[in-house]
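Generate the whole structure from the sequences, applying the supplied hints.
FYI, the UniProt record's numbering numbers position 239 of the sequence shown as 239, with every residue one higher than the one before it.
Simulated from the structure, these hints should not be mistaken for laboratory data.
Do not take every clue at face value.
Said to hold, decoys possible - No more than 25 Å apart at the CA atoms, straight line, and that leaves these computed lysine to any residue pairs for SDA-like: (1) Lys-187 to His-66; (2) Lys-12 to Met-51; (3) Lys-187 to Asp-144; (4) Lys-250 to Arg-209; (5) Lys-187 to His-147; (6) Lys-174 to Pro-142; (7) Lys-250 to Asp-214; (8) Lys-187 to Tyr-201; (9) Lys-187 to Gln-228; (10) Lys-174 to Gly-131; (11) Lys-174 to Ala-188; (12) Lys-174 to Gly-120; (13) Lys-137 to Thr-121; (14) Lys-174 to Ala-184; (15) Lys-250 to Ile-87; (16) Lys-174 to Ser-215; (17) Lys-250 to Gly-64; (18) Lys-187 to Thr-115; (19) Lys-187 to Arg-209; (20) Lys-187 to Met-157; (21) Lys-187 to Met-177; (22) Lys-250 to His-147; (23) Lys-137 to Glu-155; (24) Lys-174 to Gln-164; (25) Lys-13 to Gly-23; (26) Lys-187 to Leu-212; (27) Lys-187 to Glu-155.
Note that this is a predicted model, so its numbers are computed, not measured.
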Amino acid sequence: LEESLSTVLFLKKTNGYFLTEAGKAMLPLALETQERFKLMERQMSQPNDRMAGPVRIDCPELMGTHLIIPGLADFHDRYPEISFDFINTAVSSKLTQSHSDIIIRLRRPENGNFTMRRVGTLMQGLFCSDGYAAANKLPDTPDDLQHHHLIGWTEEMSYMPLAQWLNEVSGEQKPWMRVSNLNAQLKAVEAHLGIAALPTYVAHQSGLRQVLADSPLRSSDIWLLRNQATQGVGRVDQVVDYLTELFHSKTAEMQ
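Listed below in structure tokens is the structure:
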């Protein structure tokens with residue numbers, strides 16, 4: 001590759017190989033190419049009309065673990081030969097670099113090689129445990145949050161809409177605990193350690209109590225994106241339809 005490009009991409013040192021500036025510049029393209037080959041491999045692993053093979057889903061962390069995965073039992077009974085790869089993280093991958101078959105996002109994307117449909121609305125609010133509420137007088141107004149223990153996001157996650165919303169609601173009160181994922185925040189709240197911004201369906205499943213119940217909840221549209229390269233792939237058709245039905249059936253829980 002270096003010979004064909006007439007460019008040095010790696011520096012060989014005693015402790016390994018290191019990218020040159022030219023190599024670093026090519027890395028995103030190389031990673032994207034790798035993902036495209038993985039997508040092609042998944043598509044070619046089974047005929048398009050056969051209900052078998054892998055489907056890769058990229059979705060928000062708690063939505064995958066608390067909503068989508070628990071709802072797959074019926075689907076698996078119907079299509080036992082369709083398998084799943086779940087990418088569940090707090091960090092949203094760039095759509096232009098993502099080659100998942102299906103992506104779930106909480107904001108309408110502006111680019112990417114995907115078709116999309118809105119499949120629901122997710123409500124989010126402030127929650128604490130009954131144990132925390134019993135030990136602390138719950139706030140009546142957002143200003144009262146300055147007297148409470150807030151659980152928020154680490155600085156590198158501060159760009160996330162939910163993190164920004166918590167900052168807006170809490171004003172100058174800084175979180176006493178910062179973590180990098182929603183599951184850790186949920187566990188901290190369940191352990192009576194403070195108040196966090198969480199999806200309502202997760203909070204209700206965990207028996208948590210809403211804080212500032214008279215204040216409006218935060219709402220986010222749920223967007224289901226499908227990689228255009230999977231058009232005509234039967235197993236992806238079935239998963240998209242099933243997820244759409246699943247979100248519609250969970251409308252009341254997500255309010």
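Right, here's what the structure says about each hint:
1. Lys-187 to His-66: holds (13 Å)
2. Lys-12 to Met-51: Not OK: Lys-12 and Met-51 at ~47 Å, beyond 25 Å, violated.
3. Lys-187 to Asp-144: With Cα atoms ~23 Å apart, Lys-187 and Asp-144 stay inside 25 Å; holds.
4. Lys-250 to Arg-209: Roughly 20 Å separates the two Cα atoms, so the pair holds.
5. Lys-187 to His-147: holds (21 Å)
6. Lys-174 to Pro-142: Status holds; Cα separation ~13 Å.
7. Lys-250 to Asp-214: holds (23 Å)
8. Lys-187 to Tyr-201: With a Cα-Cα distance of about 15 Å, the restraint between Lys-187 and Tyr-201 holds, given a limit of 25 Å.
9. Lys-187 to Gln-228: The hint is violated at about 37 Å.
10. Lys-174 to Gly-131: Answer holds: Lys-174 to Gly-131 is near 22 Å, not above 25 Å.
11. Lys-174 to Ala-188: OK: Lys-174 and Ala-188 at ~16 Å, within 25 Å.
12. Lys-174 to Gly-120: violated (32 Å)
13. Lys-137 to Thr-121: violated (31 Å)
14. Lys-174 to Ala-184: With a Cα-Cα distance of about 18 Å, the restraint between Lys-174 and Ala-184 holds, given a limit of 25 Å.
15. Lys-250 to Ile-87: Roughly 21 Å separates the two Cα atoms, so the pair holds.
16. Lys-174 to Ser-215: Status holds; Cα separation ~20 Å.
17. Lys-250 to Gly-64: holds (14 Å)
18. Lys-187 to Thr-115: Between Lys-187 and Thr-115 the Cα gap is close to 35 Å, so the pair fails against 25 Å, i.e. violated.
19. Lys-187 to Arg-209: Given that 25 Å is the threshold and the Cα spacing comes to 14 Å, the pair holds.
20. Lys-187 to Met-157: holds (18 Å)
21. Lys-187 to Met-177: Roughly 12 Å separates the two Cα atoms, so the pair holds.
22. Lys-250 to His-147: Not satisfied, since the Cα-Cα distance of roughly 35 Å exceeds 25 Å.
23. Lys-137 to Glu-155: It is violated: about 29 Å lies between the C-alpha atoms, which goes past 25 Å.
24. Lys-174 to Gln-164: holds (12 Å)
25. Lys-13 to Gly-23: holds (15 Å)
26. Lys-187 to Leu-212: holds (20 Å)
27. Lys-187 to Glu-155: holds (20 Å)
The structure fails to meet hints 2, 9, 12, 13, 18, 22 and 23 from the earlier list, while all remaining hints are met.
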